[in-house]
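> Just so you know, the protein sequences line up as chains S and F, in that order. In terms of our numbering, the first sequence has 261 at position 10, counting the first letter as 1, and numbering is strictly consecutive. In terms of our numbering, the second sequence has 365 at position 114, counting the first letter as 1, and numbering is strictly consecutive.
Derived by calculation from the structure, the hints in this document are not laboratory data. Keep in mind that this is a model prediction, so the values were computed, not measured. Errors might be hidden in some of the hints.
Per the computed footprint, the stretches of chain S lying under chain F, defined by three or more beta-carbons under 8 Å from a beta-carbon of chain F, are [claimed, not checked]:
id	region
1	335 to 345
2	415 to 424
3	438 to 445
4	459 to 465
Ideal Cβ positions, reconstructed from N, Cα and C, are used throughout, including at glycine.
Protein chains: 2
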Amino acid sequence: MSVNNEGDASTGGAPGAGATAAPATPATPATPAASGSDLIALIAASIRRERERVGLSMAELARRAGIAKSTLSQLEAGAGNPSVETLWALGVALDVPFSRLVDPPRPVVRVIRAGEGPVTHSERADYAATLLASCPPNARRDIFRIEAQPGETRASDPHMPGTVEHLLLGAGRALAGPTEAPVELLPGDYVSYPGDAPHVFRALEPGTLAVIVMEHI
Amino acid sequence: MSVNNEGDASTGGAPGAGATAAPATPATPATPAASGSDLIALIAASIRRERERVGLSMAELARRAGIAKSTLSQLEAGAGNPSVETLWALGVALDVPFSRLVDPPRPVVRVIRAGEGPVTHSERADYAATLLASCPPNARRDIFRIEAQPGETRASDPHMPGTVEHLLLGAGRALAGPTEAPVELLPGDYVSYPGDAPHVFRALEPGTLAVIVMEHI
DNA sequence: GGCTGTCGTTCGTCAAGGCGAACGCATCGA
DNA sequence: TCGATGCGTTCGCCTTGACGAACGACAGCC
Numbered sequence: 252m253s254v255n256n257e258g259d260a261s262t263g264g265a266p267g268a269g270a271t272a273a274p275a276t277p278a279t280p281a282t283p284a285a286s287g288s289d290l291i292a293l294i295a296a297s298i299r300r301e302r303e304r305v306g307l308s309m310a311e312l313a314r315r316a317g318i319a320k321s322t323l324s325q326l327e328a329g330a331g332n333p334s335v336e337t338l339w340a341l342g343v344a345l346d347v348p349f350s351r352l353v354d355p356p357r358p359v360v361r362v363i364r365a366g367e368g369p370v371t372h373s374e375r376a377d378y379a380a381t382l383l384a385s386c387p388p389n390a391r392r393d394i395f396r397i398e399a400q401p402g403e404t405r406a407s408d409p410h411m412p413g414t415v416e417h418l419l420l421g422a423g424r425a426l427a428g429p430t431e432a433p434v435e436l437l438p439g440d441y442v443s444y445p446g447d448a449p450h451v452f453r454a455l456e457p458g459t460l461a462v463i464v465m466e467h468i
Numbered sequence: 252m253s254v255n256n257e258g259d260a261s262t263g264g265a266p267g268a269g270a271t272a273a274p275a276t277p278a279t280p281a282t283p284a285a286s287g288s289d290l291i292a293l294i295a296a297s298i299r300r301e302r303e304r305v306g307l308s309m310a311e312l313a314r315r316a317g318i319a320k321s322t323l324s325q326l327e328a329g330a331g332n333p334s335v336e337t338l339w340a341l342g343v344a345l346d347v348p349f350s351r352l353v354d355p356p357r358p359v360v361r362v363i364r365a366g367e368g369p370v371t372h373s374e375r376a377d378y379a380a381t382l383l384a385s386c387p388p389n390a391r392r393d394i395f396r397i398e399a400q401p402g403e404t405r406a407s408d409p410h411m412p413g414t415v416e417h418l419l420l421g422a423g424r425a426l427a428g429p430t431e432a433p434v435e436l437l438p439g440d441y442v443s444y445p446g447d448a449p450h451v452f453r454a455l456e457p458g459t460l461a462v463i464v465m466e467h468i
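Produce the complete structure using the sequences and hints provided.
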């Protein structure tokens, strides 16, 4: 159990409220707005989702997190405005990163073909930059280079929950994406898809080159 | 490389878990423990750091966030245990992702030359994956696709301190890296360099294609 | 000098979060 | 059938976060 139980202060309180004016603008880049009550509703949903994912009862989770189950009950009911310590304790008990509880869910498969996407042209040189994926808060993104030759399909076992793969084909031709719906890619094409579900990568031409950015929360 | 931490397994995914325990284990992946008072001390430091980075006074920040400046004062003093709404409001006002305030500070800068790095060969297919850069905790990495034609050199103004750019050339040929010491790249070559110092990108062949992952803290 | 603005801190008040106990409801076993 | 155990919710109490006003310190300006 754990964790800190902190009995101590574990919890303090958190009041709040709303006072805040809620500036509306979301701070997080890729994060859709979440102001005031939206935020707590989102947290409520996140806690419930993660708790059920792990398969814990409220009582058990509350015990592990060192908080009162009444507190947890109200939190999941969308009442309240938990303190960071409370939320942190829950994150620890659920074994999920803190930000998973405050950030909205996840994206899906997205393809940006070569030449598509928001492009920033250089005024001067012949240079075009395309933002393919803005980074969600607190994500880790490991960068891989893939060199593959035609042959057997490489099927990846699902990674940790919350993982997203970003793939940009540099050269050659490939079939990649979710196992049940792979996408054919040409040089410059970009695709992102959940890495926590079965997915494949298959080179269709010799000398196929790709970059995979593996993002995990 | 350095790097590699690999903690991946562990880190990356924290979740898996299950049930468990993992008490001491911090919820956030690369997050060193931070329980109880550590957490609020860390938040206090984060708020102050971000506030000073933006160049706001306490009064101004409090006004923008819609919270009492006394609240902010106490928070930065390390007293307290703010509610998520309060912290969220501060994140919005500071224009930083929420998790930036609750996760520990900094990573490091590292450079990896093309052709290096741990390679994972597929047992079966002709497939090689190279880990180019394991992600430091708390970094944001935005992914860009670059299409460039030979011409004028594109010189980038330095970005925020701590920024690192990762560049992998997909096709063509390019000269890229720090302005004072750019590197010539061929398809498959990877280079990363500080983005907070002057740097350039210059295509040497028509149809030059690259991926830039811009990492900022 | 005195006036005005801002800075960050401190203090008293109020409201709300968190707690524990008790409740109603299911399930299980004797 | 009855008790026991677990669940999630509801109810008062107490703590504490957040507020606003007032404070001393500092700088600019007439």
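> Checking C-beta pairs, does the region 438 to 445 of chain S have three or more residues closer than 8 Å to chain F?
The restraint on the region 438 to 445 of chain S holds, since 3 of its residues have a Cβ under 8 Å from chain F and three suffice.
> Do at least three Cβ atoms from the region 415 to 424 of chain S come closer than 8 Å to Cβ atoms of chain F?
holds (count 5)
> Counting residues of the region 335 to 345 of chain S with a beta carbon closer than 8 Å to any beta carbon of chain F, are there 3 or more?
Satisfied; 7 residues make the cut.
> Quick one: see if chain F covers the region 459 to 465 of chain S, three-plus residues with Cβ-Cβ under 8 Å.
Result for this restraint: holds, n = 4.
Violated hints: none; the structure is consistent with every hint.
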